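Colleague: Construct the complete structure from the given sequences, taking the supplied hints into account.
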Amino acid sequence: MKKWTSVLSMSAVALSLFAGGAVADANSTPPVNEERQQIFVAITDEKITKEKLISKLKSTLPEMFNSFSNSDFNMSTMSHHYADDLTTRYELSYTKMINNKMTSGSITFIGDTLDIESISMYPNSSKDALFPGKITEKQAKTIATDFVKKVSGSSDFMIASEVPSYYSTRIITEPITYTYTFVKTEKNIPIQDQGIYVSVLGDGNVQYYTQYSMQPKRQVFEDTANVIAKDAAVEKLQDEMKLTLQYAYDYMSYSAKPKVSLVYVPATNFNGLHAKTGKWHNYLGETTQTKMKPISPIVTEQLQQEKPLTMDEAKERAKKLVEARSNGEKFTIDSAYEHEYNGTSVVSISYSYHMKNSSHSTSIEFNKNTGELTNYYDLSDSLPYLDAPEDTTPRLAEDKVIAIALDFVKEFAPASVHEYSKPIHEISYNEDDKTHNVAFPRIKNGLVVNGDTISVSINNKGELKSYYRNHLMIEEWPDLATAIPLNEAQKKFNAALGAKLVYSAVQKEEDKYELLYVPTINDKQLYQMDAVTGEFLTAYGALKKETITHKTAEKELNYLIQAGAIDVKSAKDFNADKAISQGDALKTIVKSIGYFYEGYSYNYGQNPTSTFELIPVDHPYYAVVESAYRLGIIRADDQLAIDRNVTKEQVAVWFIRALGLEQAAKQKDIYNVKFADVADITPANVGYVALSSALELQKLSQNNFQPKKEVTYADLAVSIIDLAYAIADKQNTSY
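The numbering of the sequence shown is our numbering, which starts it at 316 and goes up by one.
I should point out that these hints are in silico values taken from the structure, not numbers from a laboratory. Values in this document were obtained by computation on a predicted structure and should not be read as measured data. One should not assume that every hint holds.
[To be verified] Simulated crosslink set (DSS-like; lysine-lysine; CA at most 25 Å straight-line):
#, residue 1, residue 2
1, K594, K815
2, K635, K645
3, K839, K456
4, K608, K557
Modeller: Take a look at the structure:
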């Protein structure tokens, strides 16, 4: 039997939709292992066949898969489970030609009953899926709800969150997606750790379905009799939830560089109030420590200066750390490479343990510039030792855990340990693998940096089991003086504070659920307040942009504004019929058809260079112009005048280049152009204009192309949607 092991990251976006207070850094600390260990095992159970999986799939979704033959499917020879969930999972994939286009997907079945845990589908491309979409958000919600009922076999779910379509789609050449998270209920009360994530394309096809925390075989739910009144729960929450000022990492920023903002969040150490006893509860159960511990720097000065790490040094450090963890297995380093993450050079070392008929592998990562460890997982616990004795080591006291974890942080982050605080939340303990999980938050200007931590996991022997660090390279820190007064923020917070009754898993008692009142703001369990504006933030609400009205292009303009392709500071002052400059037109095109990040460096690790003499590296449109150049929209010999208004002819040239049709456009003599104003077209651009018109990217007016006409925001918004259709059709790719 041969095994492989790889470390796979869970979807942060999907998981955040379930976690109460996730934006506020989940005031009680769950296990801090940032990665979920997935273990693959060769299938030996002859009862689990491809035909059995296909039968289960077709009986669940007959309208989708009855037309498929068995030859359209492939079953993986490997099953898998997780280090923290031993339930076996099986994979089935499919490919099929439909209307001369390839469609594909994969399905995961779980446990003895082979319930469907997840589906990923990539239907053949459809113009109906692109903006504005064939279906409405209301119709998408109905499709998602019906799909959940069919696949889960239950109607005991409610929608927990909806992600607006323009946050699920960054570029207009990709389909609109409507994303929903459902939560399972008991007596109409949501069960916090049981949810389903579904996304529906703009043409009505379901794209993804994932069920988290499949329903256990036995569940015990606390009785709802004699529950504390909601008003009384809210009053207790108001008394206990006092705000604190923090920096928070902006995970939704479109910038290439990490950004932080100032926020007010509750300085609490609980998830909610027990609905019957009135006791405070966090991830670990009942707690009397309702407040975060005060910030206390680990050390006041650097323990060691930053020292760049060579590849050979990284290999030696990896070998020293992980080879000693083996128990006679052959240890090898499989590969070593560099990559960039959040503007940081990272050295990744992949390694394996080899036994007679199996191998296990994962990787360890270091910051190349400082030499500090950033990511490590002790793989030895996943190795299949036979007759291994049960670990009866007594549980470590919390003070010992913290002391040992502190030593590891000092050892592996000596150049930056002075930027981190001792734990401010309770230490969590995993009963299954007997590990203690400790989180050390970063501090700056006396504030916690929410989203930047060093996470350490150790066992009762004091051995390091995992180490994860999400160190953000922040260049600009908001001025603390810009925050509104704390008393003003607290008053607004208390006025909006509510409570929601939920079932929460009891960590120490398997399959048991207790009733908690969890705090909410505007019925959402995500509660940060923008410390500068006083506005409440949610995972997506903070990104809502201005909306405008327009007679002919309102829908297109608002879609591009919400997607970030057109910048509008004030809807009242924005004039969509105003001519757009070359710079802003390029920005809109680049942001519409490609992934663009403000501040991205195109010469990372080198001195930046400029393709255009008049657009130096410090020019505000430098990144836009360089992006357009790399996308082939503009050429190095183009005569750019960023501040001048763009013409219809110039847009035609850019559109045809974006489509990759420049060589065809250069053959100007093959085009029989019969526009009334053909003489007004620059001779070299006749082919571009002819193609743009023929592809209906730009419209004629009484047989006049009007090549020198200045293009307005509204004009560009309408024509760029047609460009998106043309690009998607040309690519002819599956979504």
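Colleague: Against this structure, judge whether each hint is valid.
Modeller: To see whether the hints hold, each was checked on the structure:
Between the alpha carbons of K594 and K815 the distance comes to roughly 16 Å, so the proposed pair stays at or under 25 Å and holds. Annotation: proposed proximity of K635 to K645 holds, straight-line Cα distance about 14 Å (limit 25 Å). For the proposed pair K839 and K456, the alpha carbon gap of about 19 Å is at most 25 Å, so the pair holds. Straight-line distance between C-alpha atoms of K608 and K557 comes to about 13 Å, which keeps the hinted pair within the 25 Å bound.
The structure fails none of the hints (numbered hints given earlier).
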